[in-house]
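2 protein chains.
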Amino acid sequence: MKKKTVVALDAMGGDNAPLEIVKGAVEAVNERDDIIVHLFGDEEQVRNELKKYTYPRDQIRLTHTGEVISVEESPAVAIKKKKDSSMVAGILSVKNGDCDAFISGGSSGAVLVGGQVLVGKEKGIKRAPLAPIIPNEKGVSLLIDCGANVDAKPEHLVQFAQMGSIYMKNIIGVENPRVGIVNIGAEETKGNALVKETFPLLKACPGINFIGSVEARDITKGIADVIVTEAFVGNVVLKMMEGVASTLISLIKEGMMSSTRSKIGALLVKPALKDTLKLFDATEYGGAPLLGLKGLVVKIHGNATSKETKHAIFQCVTFKEQKVNEKIREHLGIPAAPAAGE
Amino acid sequence: MKKKTVVALDAMGGDNAPLEIVKGAVEAVNERDDIIVHLFGDEEQVRNELKKYTYPRDQIRLTHTGEVISVEESPAVAIKKKKDSSMVAGILSVKNGDCDAFISGGSSGAVLVGGQVLVGKEKGIKRAPLAPIIPNEKGVSLLIDCGANVDAKPEHLVQFAQMGSIYMKNIIGVENPRVGIVNIGAEETKGNALVKETFPLLKACPGINFIGSVEARDITKGIADVIVTEAFVGNVVLKMMEGVASTLISLIKEGMMSSTRSKIGALLVKPALKDTLKLFDATEYGGAPLLGLKGLVVKIHGNATSKETKHAIFQCVTFKEQKVNEKIREHLGIPAAPAAGE
Chain A
9 MKKKTVVALD
19 AMGGDNAPLE
29 IVKGAVEAVN
39 ERDDIIVHLF
49 GDEEQVRNEL
59 KKYTYPRDQI
69 RLTHTGEVIS
79 VEESPAVAIK
89 KKKDSSMVAG
99 ILSVKNGDCD
109 AFISGGSSGA
119 VLVGGQVLVG
129 KEKGIKRAPL
139 APIIPNEKGV
149 SLLIDCGANV
159 DAKPEHLVQF
169 AQMGSIYMKN
179 IIGVENPRVG
189 IVNIGAEETK
199 GNALVKETFP
209 LLKACPGINF
219 IGSVEARDIT
229 KGIADVIVTE
239 AFVGNVVLKM
249 MEGVASTLIS
259 LIKEGMMSST
269 RSKIGALLVK
279 PALKDTLKLF
289 DATEYGGAPL
299 LGLKGLVVKI
309 HGNATSKETK
319 HAIFQCVTFK
329 EQKVNEKIRE
339 HLGIPAAPAA
349 GE
Chain B
9 MKKKTVVALD
19 AMGGDNAPLE
29 IVKGAVEAVN
39 ERDDIIVHLF
49 GDEEQVRNEL
59 KKYTYPRDQI
69 RLTHTGEVIS
79 VEESPAVAIK
89 KKKDSSMVAG
99 ILSVKNGDCD
109 AFISGGSSGA
119 VLVGGQVLVG
129 KEKGIKRAPL
139 APIIPNEKGV
149 SLLIDCGANV
159 DAKPEHLVQF
169 AQMGSIYMKN
179 IIGVENPRVG
189 IVNIGAEETK
199 GNALVKETFP
209 LLKACPGINF
219 IGSVEARDIT
229 KGIADVIVTE
239 AFVGNVVLKM
249 MEGVASTLIS
259 LIKEGMMSST
269 RSKIGALLVK
279 PALKDTLKLF
289 DATEYGGAPL
299 LGLKGLVVKI
309 HGNATSKETK
319 HAIFQCVTFK
329 EQKVNEKIRE
339 HLGIPAAPAA
349 GE
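So the protein sequences, as listed, match chains A and B.
Add 8 to a position in the first sequence, counting from 1, and you land on the number used in our numbering.
Add 8 to a position in the second sequence, counting from 1, and you land on the number used in our numbering.
Just so you know, the hints here were simulated from the structure itself, not pulled from any lab data.
One thing to keep in mind: the hints can contain errors.
Repeated chains share a single entry, so a pair holds when one copy, or any two copies, can fit it.
Here are the simulated DSS-like pairs of lysine-lysine, each with C-alpha atoms no more than 27 angstroms apart in a straight line [stated by the list, open to error]:
(1) K146 / K261
(2) K129 / K278
(3) K198 / K88
(4) K261 / K271
(5) K11 / K146
(6) K328 / K198
(7) K89 / K315
(8) K59 / K335
(9) K60 / K161
(10) K282 / K90
(11) K198 / K161
(12) K88 / K177
(13) K198 / K91
(14) K146 / K59
(15) K88 / K204
(16) K229 / K89
(17) K328 / K131
(18) K271 / K146
(19) K90 / K198
(20) K131 / K229
(21) K89 / K198
(22) K198 / K129
(23) K59 / K198
(24) K161 / K271
(25) K12 / K134
(26) K315 / K31
(27) K261 / K286
(28) K11 / K331
Note that the structure is a prediction, hence the values are computed from the model and not measured.
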C-alpha cells in the first residue's frame, strides 16, 4: 500500500479559523484516501467543528495546543516563546518527521520565521523565498519572492529562478517553464543595480528557460511562468494585483447598481461574470510554499476558505510525490543529506 | 490683459501623432483664449491635420522640424544628435524662454533626458522625478517617482515628498495632502534599507503631512494623496495598475459575451459601466510632470488621445498660474535664481 502523506494543519491560523480550516481538512480526506490531516489547535473548538461532519476517522488526527500566535505579535519572539502554539507545534511536527508538510493561514511573519528557524534551510540554500501562485489571462505564474526578507542579492535571485522552475514543472505541470525577471523595460541594459547584476547570471544559468525582463504590465498577460524578483517588489506586485482587482470589481458592482436598467443587466451577466472572475482567483492552486527548506511549509491566505485549505493539502501531497525537495537539491548540487525526519 | 501661457507641443510624439496631438491642441485653444500652443513637427503633416479644423489662428504656432526621435533610439544619443527633432526643438523653446512648458507623448527616456540635460534641474534639486497622477476609488493620487533614474537615496525621496505635496495642493487642489511611502507593511520597522532610512527623515520633514507607510494593496483605495517611492517600485506600481485593469476588463468583456443571456445583460449594463470605468481613467488630469526642473516638461502617454493632450495643456497653464516652480524653490529653500527664460 502507498504510504499516506501526513499534512500538519494550523487549525487556529487565519480569520476563518477553526471553521473553514477544519472544513477544508474534512473535504480533503473525504475526497482522497492517501492523505492524513494532523490538526493542531484548541481541542474543544476543533472537536466542535469536526462534529459537524462525517469523514474517515483514521484520516484526521488532532493534537491539542493551548496557545495561538496572533498577527500583531513579533514573529521572532512568538516563535521562540509560544512553544504550545498551534503554529510552533505544527512546524515542529515537520522538523521531527511526524508530518510531511505544514500549512497555516496565520501570521505570515511567524510562518516565515518558524519555517526558517525551526525546520531550517537546506544546506546551500542562501534564502528561502515565499512563492505564491498568481493568476494571469492564460493560467497561472509563480511569483518568487514575496517574503519578508528584502534587499536580496543576485545569487539569491538565481536560486529563486531554479527552485521556481522545479516547482512550476512538478507541481503545476508546466514543461520548460519560462523564467522572467521583473524589470522597468525589456532591454538588458535597463533596471536597477540588482537586476542588472542578476540578468547575466540568469542568462548563464543552466537548466532554466530564461526569457529576459518582464515588465509589470505584462505579468497578468501570462508572459512568463516563473516571475523572479526580490521580496519588496514581489510584495508590491502581489498586493497591487489584489488592490487593483478589488477596487475595479467594487467600482463595477457599484456601476451596475446605478440605474434600473443596469440592475436588470447585472442580473443577466452575473453568472457569466462569476465564472470569469473565478479565472482570476488562484485559490484553486493552494497556498504559497516557502521553498528551499528541509521540509515543506505552506502559507495560505489569512482569509482562506475551506476550498483554499483543501487545495493546499493536495498541493502538499503533490510536492511530496514529485519529490520537489530532492529535485531542488539535485538541481542545485546540494549533497543529498537527509531532509528533516528522513 | 493677462499674458497667455505658451505651451510647446511635440506634434510628432506618440502612436497617435500627429492626428490626436494636433486635435488636442485645437480643442484646447477653442476652449480657452489664454493659451497659445506652439507645435513642433513636420510642417506638411501638421498643416494637413490643422486644415481639418477651425480655430483662432493667433493661438496656434508652428515650427517645422525635420527629425523625429523614436522610442527605439538611445535617449541620450538622440537628444544629443537630433537637434532638428520636434522633441529637442520643443524642449529648447522652454529653455530659452519662448515657451512656458513642453509636452510630449514620445519616447519617455528622451523626455527625461531632454528635460534634465536641456532644461536642467533647479539648483539644489538632487533628482527630477516623473510623477503621474493615478486614479483611486475616491479620486486621484500622485505617484512620485516613476522615472528612469532608479536606486534613489533617502534625500531624493524626501524632496519627492515635498515637491509632490506642492503639486497636489496647487494643481489638483488637495489641501494638506497626505504623504505615504510605499512599503511592505504598515509598521515603521518594516521595509527595505531605503524605506527604513527614509521613514524618519519624512517624519521629521517640516511642511508635509506624512502619514507613514502605504501598502501596495491600499494605493487604489485612496489612502494617500502623494505616494512616494523610488522609480523602480513606482514603475511596477504604475504598470501593475495598467496591466491588472486591462486584464480584468478584457476578461469581463469576454465573460459578458459568453452566452446570449449575458450578451443582453451586457447591453443593459454598458452605459453605467462606461461611466464607472471613466473614474478609473486618469487622462482627465493631463500628463506626468518631470518635477524640479527650471521649466516644465510633461510626459503624456504614448497612446495619448486629443483629450489627454488637451488636459495636459490646461495642466501646464495651472502650473504656471500657481507658480509651482517658485513654490518648490521657496519650500526647499532654493535661492530664487531666475528660472529658464525668466
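Quick one: K60 to K161, C-alpha cut-off 27 angstroms, is that within a copy, between copies, both, or neither? Answer is neither; intra-copy 49 angstroms and inter-copy 57 angstroms both fail.
Intra- versus inter-subunit Cα pairing at 27 angstroms for K198 with K91: The answer is between: 25 angstroms across copies meets 27 angstroms, while 48 angstroms in one copy does not.
For K271 and K146, with the copy left unspecified, which applies at a CA distance of at most 27 angstroms: within, between, both, or neither? For K271 and K146, the Cα distance is within 27 angstroms only across copies (23 angstroms; inside one copy 30 angstroms).
Checking K315 and K31: alpha-carbon separation at most 27 angstroms within a copy, between copies, both or neither? Only inside one copy: K315 and K31 sit 9 angstroms apart there, 53 angstroms across copies, limit 27 angstroms.
27 angstroms Cα cut-off: does K328 pair with K131 within a copy, between copies, both or neither? within (19 angstroms within a copy, 61 angstroms between copies)
With 27 angstroms as the alpha-carbon cut-off, assign the pair K11 and K146 to within, between, both or neither. The answer is neither: 35 angstroms in one copy and 55 angstroms across copies each exceed 27 angstroms.
Cα distance capped at 27 angstroms. Does K129 pair with K278 within a copy, between copies, both, or neither? Neither, since 46 angstroms and 53 angstroms both go past 27 angstroms.
Have a look at K11 and K331 and pick one of within, between, both or neither, based on CA distance no larger than 27 angstroms. within (14 angstroms within a copy, 75 angstroms between copies)
Should K89 paired with K315 be assigned to within, between, both, or neither, using CA atoms and 27 angstroms as the limit? neither (32 angstroms within a copy, 60 angstroms between copies)
Regarding K328 and K198, is the shortest C-alpha distance of 27 angstroms or less found within a copy, between copies, in both, or in neither? neither (39 angstroms within a copy, 34 angstroms between copies)
Same-copy or cross-copy closeness of K131 to K229 [CA-CA at most 27 angstroms]: neither (36 angstroms within a copy, 43 angstroms between copies)
Is it within, between, both or neither when you check K88 against K204 at 27 angstroms Cα-Cα? Answer is between: at 25 angstroms across copies they meet the 27 angstroms cutoff, but 38 angstroms inside does not.
Against the hints set out earlier in the document, violations occur for numbers 2, 5, 6, 7, 8, 9, 10, 12, 14, 16, 20, 23, 24, 25.
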